[in-house]
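Undergrad: Residues per chain, in single letters:
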Amino acid sequence: MGSAVSPAWPMSYLTTFGPRADPVTGLTWGLIVLSLAVILIVTILVVAGAAVRRLRAASAGEALPVGGSAGGWSWIWIGLALTLIALVAALAWTIAVMAAVGSPPARPALTLEITGHQWWWEARYLGAAPGQTFVTANEIHIPVGRPILIRLTGADVIHSFWIPALAGKTDTIPGRTNLTWLQADHAGTYRGQCTEYCGLQHAHMAAFVVADPPADFEAWREGQLQLAAPATGPAASGEELFVERCGACHTVRGVAAGGVAGPDLTHLMSRATLAAGTVPNTVSGLEGWIANPQALKPGARMPPSNLSGPELGQLAAYLETLK
Amino acid sequence: MVDASCDHAAWPAGALPVGARGRDSVGWWGMLCLIATESCLFAYLLFSYFYIAIQRGPGWSPEPHPPMTLAGPNTLILLSSSVAAWWGEDGARRGRRGRHLGGLALTIVLGAVFLVVQVFEWKAKGFGPSAGSYASLYFTITGFHMAHVIVGLALLSVVLIWSAVGYFTPRRYEPVSISIVYWHFVDAIWLAVFSTFYLSPRLMG
Amino acid sequence: MSAAPNSAWEDARIPRTARVTPDFPGPRLEEIWARAPGLKGWIGDVDHKEIGKRYIVTAFVFLLLGGIEAMVMRLQLAGPDRRLLSPEAYDQLFTMHGVSMIFLYAAPILSGFSNFLWPLLLGSRDMAFPRLNALSYWVYLAAGVFIYAGFVVGRGPDAGWFNYVPYASRTFNPGVNIDVYALGLILLGISTTVGSANFVVTFLRTRAPGMSIDRVPILTWGTLTASVANLLAVPAVSLAFFLLWLDRQFGLHVFDTAQGQPLLWQHLFWMFGHPWVYAIVLPAMGMVSDGLPVFCRRPLVGYTPVALSTVATMALGFGVWVHHMFATGLPDISLSFFSGASLIITIPSAVAVFAWTATIWLGRPVITTAFLFFASMIVLFVIGGVSGVMTASAPVDWQLTDTYFVVAHIHYVLIGINVFPVLGGAYYWFPKITGRMLSERLGRWNFWTMFIGFNLGFFPMHLLGLMGMPRRIYTYPSGMGWDTTNLIVSLGSGLFALGVLLFLINVAVSLRRGEAAGDNPWDAPTLEWSVASPPPPYNFAVIPTVASRHPLWEDRLRETEARSRLDEGLLLARGRETLGTSALDAEPNLILEMPADSVAPALLALGLAALFAGAVLTAWWLAGAGGAICAGALIFWFWPNRRHADLPEVADG
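Residue numbers (the numbering used here), protein chains in the order written: chain A, 1 to 323; chain B, 1 to 205; chain C, 1 to 653.
No lab work stands behind these hints: they were computed from the structure. From a predicted model like this one, the values you see are computed outputs, not experimental measurements. We treat Cβ as the ideally placed atom computed from N, Cα and C, and that holds for glycine. Possibly wrong hints are sitting among the right ones.
To be verified - Across the chosen pairs, the derived CB separations fall in these ranges:
#	chain 1	residue 1	chain 2	residue 2	range
1	B	192	C	636	51 to 61 Å
2	C	81	B	192	26 to 36 Å
3	C	582	B	147	53 to 63 Å
4	C	555	B	14	27 to 37 Å
5	B	58	A	77	46 to 56 Å
6	B	62	A	256	34 to 44 Å
7	C	174	B	60	22 to 32 Å
8	B	169	C	555	43 to 53 Å
9	C	584	A	68	55 to 65 Å
Use the sequences and the hints to build the structure in full.
TA: Set out below in structure tokens:
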């Protein structure tokens, strides 16, 4: 991904990379400039007024002069007129931006269902045929340059889905489906995070949108549709452990583990992080996370595993096969 | 230094009533504030009803057309209690002791009847307050109203006792007026509650 | 000259007038209005000045508690991945910080100033309902203690001050934490409601003769507007919390996902919440409108537009609640409407800003500490205002909302438009309240430390928001570009806290050693400065008669022929009495008999506290006992005045 974007501030929306966010960014900058101008003008007026017109303080109790109450209304009228012009401009620009980003420029290439959970994101890729649908978590791959329609809902409490460089926030509300769309014009990884306070681990609920060139995306999609390969060698005992100990909450397609409380792990190794961006997905990161999630993400729904050292190794070895 | 020297236009020329009297009493104005804020409380309750009704759409209510066999006549009973209250207040104003006490007593009796019928109405519902959000709101809103009826009855009872003991005169009966305006408010609120639960589903089909 | 004590009570009488002389008022008024000695006198005191002081002190204590909570959070957030606090501790801290500042400090502090000042500003001897006033304070205290009791035992509210469901429902938040919050806020709502009703009736019925509604100080417009709004808005939040409590306690289904509607919570909460924001700034803006001109040595420019804009802000404020919900997936048409409505609120705010600026330019400012706080508030108000305009634009808000940009905005609004005017008001009115001046020298240090600390601590939060830092996170990873800015924010807020400490030192020192103030140290124009500092318990020896907005400047302004009369007026000394006047023109129409001190309000508050404590602990016997105490206190309270009935029947007139 030669032209991949890697912003210095991964969560900033002062520079954006797609048609859903760009018009908003222009408006944001416009309002920032306008705001700074207003602040500057009023500050100068107040400071200069106090300095220029200042009366040296007399001793306490001494009667100071008192000026008449005439005049001054022209300040209010002129100030109001200027305010009104700025407001009308802001409102017109706002409505123009809303019209511009209201719907995607072309038919969406892909429809995703994203569900906010305490504290991770479930992403369901809707396929044309029943067998073409798959589920992944936290890392959402999309093709570059194509609008993506996203249907958002909440599994438990209200979360808010936000990828600053691509689109503003939309809440994921249990019992409702909200629609949003986004499009990335450049390949790259765009970080996002839950922004509606949702409990203990609200802070550790990142999402990543990975925009791939179309061919890479298709390859990724094909990979995700595959079932997990049967484990062999040392990983085989890890698979048994997984089914027994993890299968109630996690799904790995292809083995008898179909839990839906936690993320689908069928292609765990295709993801760069664990636990919604909390831990890097390395061997040591994975073992540490499984051994005691509560140390890394206190309050997370995943209990400590209480596995022995060798068992932990076997389980990790199995998970490492889930490419 | 008495009134003769009073040369300022803003100073009163004549005698001023002392203490609370009639609608000049601050207590009356305080009651109006209470009624304003309580009206808003019911407005928010009914907003909640309509909001969830619209959000959840048809089929939300387990009883599309709530029966009015008890609620209809009961509404008339409560409305007539307001007439009785007005009559009693008129008695207090005119110094007709019988009308004053009788009106208050009749109001209390009618209010109590309303309360009893309302309990039967609750029992006649085939569901409890935790049966769903419609049931929750039905019992909460009518429960809120019932609580106001009880407060109103308590107020009127205390005022009736004070009236019987002879605390009030034709020029000094603010507690009578104040409790009765509260009672009228409780009746008016019932009309809104009744319209919401019993009439609006019929209008919406 | 004065009426004989306990002379036969009359149904109506022609009130006597008197002239204030060196011999008058003698001790008689003092005797009538003084409070009884001892604990019973202290508990039963209904003097608005005493209640106002209690409000101010209590609110300040909550400000300090909220500030300490903030400082602990800033320690945690000073750098990435810090583990000083557990998430549970952080969540309770940020919730309690919001609850303390918004509910237990910002509104009560203004009630405190208004309570102390209103009768003095309006030329009355007390509020319309002195005992209700005491009740309002005691219930406020009880609610604050109630909520903090939960926090102290580790069961404080932890779902944010906004307390969204379903997170606050029993399913996801099974502890008693949310019940404490829900019931505590309903209790506080009772206090706010009775206090507001008191302000409304006081405004309408007890202004001095001649003080028509176009002559009252802007502070009273601010508090009146806030009070009316409270009467209309507080039921929404009390109801929301009550319904939530029913859901949690008795398994009702109003807010749940399966059968109810979680978004209803947000509507009810913000229908209250947005007007509330104006309720906690408008009286403070009134302080600036009244205080700033004193130091500019001229009347406020544009009294009428400023008064009208106060009311207009609130009227519009009832129509913008949805701008807190721009990301909830509402249709575009609704977003456009609420964006437009939110932008329009700028207009009345702009009126005030330009009126204040013009007052500085057309006056001759005397740079005192109070002036510095008032004048700097204009700048902070504008910063908080323009960031509000940005969030009012729905598409921009999709990016800004729930980031630190909004944290910056709310603090510029609440600290800029509440704390700074309140501190200015404290410097301005401290002499009236205590009879002593605050030190101006320390005051300068106090102001500049707070001003620099505030801007250093909060302006960079705008940048954090623009760099995408979400609110309400207990920690954050490195590499987001947030580390340095967060450190600056923590340091700045520490400096700000130091400034608050300097204020406390100034108060503590000045209470003992401050220069004696005299009646009118600032040469200010309004009625409170015509009486002694601190004012006597009866406020005014005779009821003043008012001819203009600036009774003490009339001779110098020479704008009308008429003159206010402050040293001659109605005496009203047959017991605790003050004058009732008509609502618009303030023409006398009643002699109000004011109640004696009473322990009934404190008793009622105690009963309410027991009732609510019983409910939260599900100790129904306690709730029942509390209810019984309430009923008893109420009957005792409202026992009618028998002597009204004992009068011989005489015809009117």
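Undergrad: Evaluate each hint against the coordinates.
TA: Hint by hint, here is what the structure shows:
A hinted range of 51 to 61 Å is violated for the C-beta pair residue 192 (chain B) and residue 636 (chain C), which are about 34 Å apart. With their beta carbons about 55 Å apart, residue 81 (chain C) and residue 192 (chain B) fall outside the hinted range of 26 to 36 Å. Distance hint check for residue 582 (chain C) and residue 147 (chain B): the Cβ-Cβ separation is about 36 Å, which falls outside the suggested range of 53 to 63 Å. Checked against the hint of 27 to 37 Å, the C-beta distance between residue 555 (chain C) and residue 14 (chain B) comes to roughly 32 Å, which is consistent with it.
Here the CB-CB span from residue 58 (chain B) to residue 77 (chain A) is close to 54 Å, well matched to the stated 46 to 56 Å. Checking the proposed 34 to 44 Å range against residue 62 (chain B) and residue 256 (chain A) shows it holds: the Cβ atoms sit about 42 Å from each other. Between residue 174 (chain C) and residue 60 (chain B) the beta carbon distance is about 28 Å. The supplied range of 22 to 32 Å therefore holds. Taken as a hint, the range 43 to 53 Å holds for the pair residue 169 (chain B) and residue 555 (chain C), whose Cβ atoms sit roughly 48 Å apart.
About 27 Å separates the C-beta atoms of residue 584 (chain C) and residue 68 (chain A), a value inconsistent with the hinted range of 55 to 65 Å.
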